[in-house]
Amino acid sequence: EPEVTQTPSHQVTQMGQEVILRCVPISNHLYFYWYRQILGQKVEFLVSFYNNEISEKSEIFDDQFSVERPDGSNFTLKIRSTKLEDSAMYFCASSEGTGREQYFGPGTRLTVT
Amino acid sequence: GENVEQHPSTLSVQEGDSAVIKCTYSDSASNYFPWYKQELGKGPQLIIDIRSNVGEKKDQRIAVTLNKTAKHFSLHITETQPEDSAVYFCAASMGGGTSYGKLTFGQGTILTVHP
Numbered sequence: 001e002p003e004v005t006q007t008p009s010h011q012v013t014q015m016g017q018e019v020i021l022r023c024v025p026i027s028n029h030l031y032f033y034w035y036r037q038i039l040g041q042k043v044e045f046l047v048s049f050y051n052n053e054i055s056e057k058s059e060i061f062d063d064q065f066s067v068e069r070p071d072g073s074n075f076t077l078k079i080r081s082t083k084l085e086d087s088a089m090y091f092c093a094s095s096e097g098t099g100r101e102q103y104f105g106p107g108t109r110l111t112v113t
Numbered sequence: 001g002e003n004v005e006q007h008p009s010t011l012s013v014q015e016g017d018s019a020v021i022k023c024t025y026s027d028s029a030s031n032y033f034p035w036y037k038q039e040l041g042k043g044p045q046l047i048i049d050i051r052s053n054v055g056e057k058k059d060q061r062i063a064v065t066l067n068k069t070a071k072h073f074s075l076h077i078t079e080t081q082p083e084d085s086a087v088y089f090c091a092a093s094m095g096g097g098t099s100y101g102k103l104t105f106g107q108g109t110i111l112t113v114h115p
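Chains A and B, in that order, are what the protein sequence lines are. Per my numbering, residue 1 is the first one in the first sequence, and the count goes up by one each step. Per my numbering, residue 1 is the first one in the second sequence, and the count goes up by one each step.
Where hints are given, some of them may not hold.
[Said to hold, decoys possible] Just the calculated beta-carbon pair ranges, DEER-fashion:
(1) A:Glu101 <-> B:Lys68: 18 to 24 Å
(2) B:Arg61 <-> A:Arg22: 34 to 40 Å
(3) A:Gln41 <-> B:Thr78: 28 to 34 Å
(4) B:Glu15 <-> A:Leu84: 39 to 45 Å
(5) B:Gly55 <-> A:Gly72: 36 to 42 Å
(6) A:Glu68 <-> B:Gln14: 47 to 53 Å
Hints are computed from structural coordinates only; laboratory data are not their basis. None of the values given here were measured: they were computed from a predicted structure. In this text, a Cβ means the ideal position worked out from N, Cα and C, and glycines have one as well.
Pulled out of the complex, with its shape left as it was, chain A reads as follows (with noise of 0.2 Å):
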């Protein structure tokens, strides 16, 4: 069964730098998405992705967050300088439309120090 994979599982930095979190969406799907979890919380929409641009964003998606799908198959956020409050779990998910099944992958745990 095809599913949405996520590397790396867990990842930690120091505050101010830059992190790349990497997703591979299931193939045939047209819309990306990166939601946040922080620990014992709700998940929160950050941005969708569709047709190479960004469709739709949160507040929490400032100007410190990108996006990117520079190939067939990768899909990454960027956290450009990261914060002690980046700390979550974050979620990438994929869905062949609107209104369609969302599938979540298995998450990046970032640890900001």
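Chain A is fixed; fit chain B onto it per the hints.
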């Protein structure tokens, strides 16, 4: 924007009992309502979903009901088993039109099934 409220935050049942988790949403334009199960250290796993043109959907021991007028939907798990123990999240989304499918999640329910 959309707001989803979920209750209860924790639910403890005996094996074999039923469990019910309820969610309300605020935006009447939402038309897609998935439920996710999240086990420790893993990503959310889609277990069942319902669209606004349907009032109820069932898949083996799990079912979801939707009341569009009241803007609430519920997850029902029958004959619970210890392996059902997890965190369950409801979510709401608008599909189609100008929406790109953003999911708004509830706060989650920690379900514990005691053997």
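So, going through the hints one by one against the coordinates:
1. The hinted window of 18 to 24 Å between glutamate 101 (chain A) and lysine 68 (chain B) holds, with their beta carbons roughly 20 Å apart.
2. Hint check: arginine 61 (chain B) to arginine 22 (chain A), Cβ distance near 36 Å, so the stated range 34 to 40 Å holds.
3. Range check, glutamine 41 (chain A) to threonine 78 (chain B): Cβ separation about 29 Å, and the 28 to 34 Å hint holds.
4. One distance hint, 39 to 45 Å for the beta-carbon pair glutamate 15 (chain B) and leucine 84 (chain A), holds here, with the actual separation near 42 Å.
5. At roughly 40 Å, the beta carbons of glycine 55 (chain B) and glycine 72 (chain A) sit within the given window of 36 to 42 Å.
6. A C-beta distance of roughly 49 Å is found between glutamate 68 (chain A) and glutamine 14 (chain B), which places it inside the suggested range of 47 to 53 Å.
Comparing the model with each numbered hint stated earlier shows that all of them hold.
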